[in-house]
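Those sequence lines, one after another, are chains W and B.
The working numbering applies: residue 6 is where the first sequence begins, and numbers increase by one.
The working numbering applies: residue 6 is where the second sequence begins, and numbers increase by one.
No wet-lab data here; the hints were simulated from the structure.
Being a predicted model, the structure only gives us computed values, none of them experimental.
The reader is advised that the hints may include incorrect statements.
Same chains, same names: a pair is fine if it fits in one copy or spans any two.
Unchecked claim - DSBU-like cross-link-like pairs, simulated, lysine-lysine; straight-line CA separation at most 30 angstroms: (1) Lys181 / Lys286; (2) Lys180 / Lys256; (3) Lys259 / Lys180; (4) Lys180 / Lys233.
2 protein chains.
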Amino acid sequence: MIRVAVNGFGTIGRRVADAIMLQDDMYVVGIAKATPDYIARIASNKYRIFVPDQKAMREFEDKGIKVHGTVDNMVDEAEIVVDATPEGMGEKNITSYKKKRVKAVFQGGEEADVTQASFNAYSNYDSAVGKDYVRVVSCNTTGLARTISTLRDSIGVSRVYATLIRRATDQNDSKKGPINAVEPSLSFPSHHGPDLQTVIGSIPVDTVAVKVPTTLMHVHVVNVDLQKETDSSKVIDLFSKRRRIFVTSGKDGKSSTAQIMDYARELGRPRGDLFEIAVWKESINARGSRLNFVQAVHQESDVVPENVDAIRAMFELLDREDSIERTDRSLGIKGGMH
Amino acid sequence: MIRVAVNGFGTIGRRVADAIMLQDDMYVVGIAKATPDYIARIASNKYRIFVPDQKAMREFEDKGIKVHGTVDNMVDEAEIVVDATPEGMGEKNITSYKKKRVKAVFQGGEEADVTQASFNAYSNYDSAVGKDYVRVVSCNTTGLARTISTLRDSIGVSRVYATLIRRATDQNDSKKGPINAVEPSLSFPSHHGPDLQTVIGSIPVDTVAVKVPTTLMHVHVVNVDLQKETDSSKVIDLFSKRRRIFVTSGKDGKSSTAQIMDYARELGRPRGDLFEIAVWKESINARGSRLNFVQAVHQESDVVPENVDAIRAMFELLDREDSIERTDRSLGIKGGMH
Chain W
6 MIRVAVNGFG
16 TIGRRVADAI
26 MLQDDMYVVG
36 IAKATPDYIA
46 RIASNKYRIF
56 VPDQKAMREF
66 EDKGIKVHGT
76 VDNMVDEAEI
86 VVDATPEGMG
96 EKNITSYKKK
106 RVKAVFQGGE
116 EADVTQASFN
126 AYSNYDSAVG
136 KDYVRVVSCN
146 TTGLARTIST
156 LRDSIGVSRV
166 YATLIRRATD
176 QNDSKKGPIN
186 AVEPSLSFPS
196 HHGPDLQTVI
206 GSIPVDTVAV
216 KVPTTLMHVH
226 VVNVDLQKET
236 DSSKVIDLFS
246 KRRRIFVTSG
256 KDGKSSTAQI
266 MDYARELGRP
276 RGDLFEIAVW
286 KESINARGSR
296 LNFVQAVHQE
306 SDVVPENVDA
316 IRAMFELLDR
326 EDSIERTDRS
336 LGIKGGMH
Chain B
6 MIRVAVNGFG
16 TIGRRVADAI
26 MLQDDMYVVG
36 IAKATPDYIA
46 RIASNKYRIF
56 VPDQKAMREF
66 EDKGIKVHGT
76 VDNMVDEAEI
86 VVDATPEGMG
96 EKNITSYKKK
106 RVKAVFQGGE
116 EADVTQASFN
126 AYSNYDSAVG
136 KDYVRVVSCN
146 TTGLARTIST
156 LRDSIGVSRV
166 YATLIRRATD
176 QNDSKKGPIN
186 AVEPSLSFPS
196 HHGPDLQTVI
206 GSIPVDTVAV
216 KVPTTLMHVH
226 VVNVDLQKET
236 DSSKVIDLFS
246 KRRRIFVTSG
256 KDGKSSTAQI
266 MDYARELGRP
276 RGDLFEIAVW
286 KESINARGSR
296 LNFVQAVHQE
306 SDVVPENVDA
316 IRAMFELLDR
326 EDSIERTDRS
336 LGIKGGMH
């Protein structure tokens, strides 16, 4: 049983902690949180809580939330840390992990060169095998990596061009915008293109990201030049065979991200999460070697299974297919047509 | 002086009527409206109002709004009708226009085959010359036509691929959604691709449209294969030389549609309208013969100048350059860098 510490307990950290607790080859020794808010209170029923310093310890205890020690104490108990602290903090934290000779998984907010490898389970599982410091790529990059690697492995991909229509902020945030505007990335390509290349290899990728006033999901409009001609039904078949992707249809009523997320809640997953990438069947259009499709990405949860797989790869517990299969079984991920 | 009737006085109709009144070779004999709302009340200070039937006449008069007759009476006074009635009604109205031997300009909500030609001033002015029934293409198609025809005329275009991020509804509508979702078009290509081909010729065009919860503007992420290699500075130069396009920059603070529309209000145009297509300078990226750019389209007003030009073409009053120049001068359209 691998001893995992989860440093940072926001949108990603709490989901990864819960997913780890569902595995039979790893468990959570503690979670670290800086603020004694409602999330900390709920977490304290389930996890041993650690905090950055003595000041935070007093704040937590003033609110009646039991604290088991500092982040340093927590890391000392662990073989690996899942670092889900805010963007950019991982780069600072890695120094102390190295000093303590503990492995760490970072999230997509960190720069690629902070770690030894960037990771997506289907795209490049082996790149993390035996490594000490690995970065799970961001929600958007994970979404693209899942579908593009499927095409790469079966047909071959010569070029990717994608427009990423990004949610303005997460559901629990009431501070960020845009409120009533569309805000494009003003660098080309957006950082997602190069980021995708860190996990799918040297395929040329251009991306443009555009923020819109919604909180539920990202939507990607993807255009791919394939290495061979294909037809739409073959692509539908390929996508529905990869468990972390499912193919859905507007005819069934799921015509926007609002219904996709409502469907996810009906599935009964914790927090109404959707670990899979949803691809609209009607949007899958192959003409010769040119393919177009539209997919929806649940930014809060799609990277959760990859965090679990990254830990297995780093400790050489299982190979790719076995790890993915075990993670997916624990989370109820089945793929197919939904 | 061409006698113009404006049938339908919603988002487009009222703007086109006002633009026609700024010209010295045409004027508005009357406008037709079905509902005695605040828009009708304001319009009655400026225009002679006509209504569909006796019932509507009583409703208008009950509210103290003076009516000058029925739509039929109005059409009898006109040489041309600008039909800005709701989508699909133009197809019914054309029968009575033909019976009365009066010309008519329709809007982009009508099917292309209802009229003799689809129209965008820069793209295909001559196709409307001398015609009786012409359709000004929709706001989105007009936006694409302006930039793509600029590239077609100077460099040559072999293929267009665009993602259209569409506003959910207009600013004065509080009924339509999506409220908190992203809703893709589930046909490929969306109707905008074929629609653009009605004005720019046989260039292959693929479009995907995605509705988002905002009211201000549409945003287009455009990818073009050019017939020759070029560089970004040349494209910036080409776009800023076409008056109905302007090139803008996020560095100046205009990083989303919210600021672009705020800028338009500062320009002092009626209703805060923006007749031009705004292209973000930072988004213009040419690599060899492949070009990418992002543009914003004010759906309420970008087709206004085209309606004026369509009338001139149909009566053979002026040729393309002279009509565009005169329309633009009257509306304060200058192009360039903004």
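Consistency of the hints with the structure:
1. Lys181 / Lys286: The answer is between: 25 angstroms across copies meets 30 angstroms, while 32 angstroms in one copy does not.
2. Lys180 / Lys256: between (35 angstroms within a copy, 23 angstroms between copies)
3. Lys259 / Lys180: both (29 angstroms within a copy, 20 angstroms between copies)
4. Lys180 / Lys233: Classified as neither; 46 angstroms inside a copy, 46 angstroms across copies.
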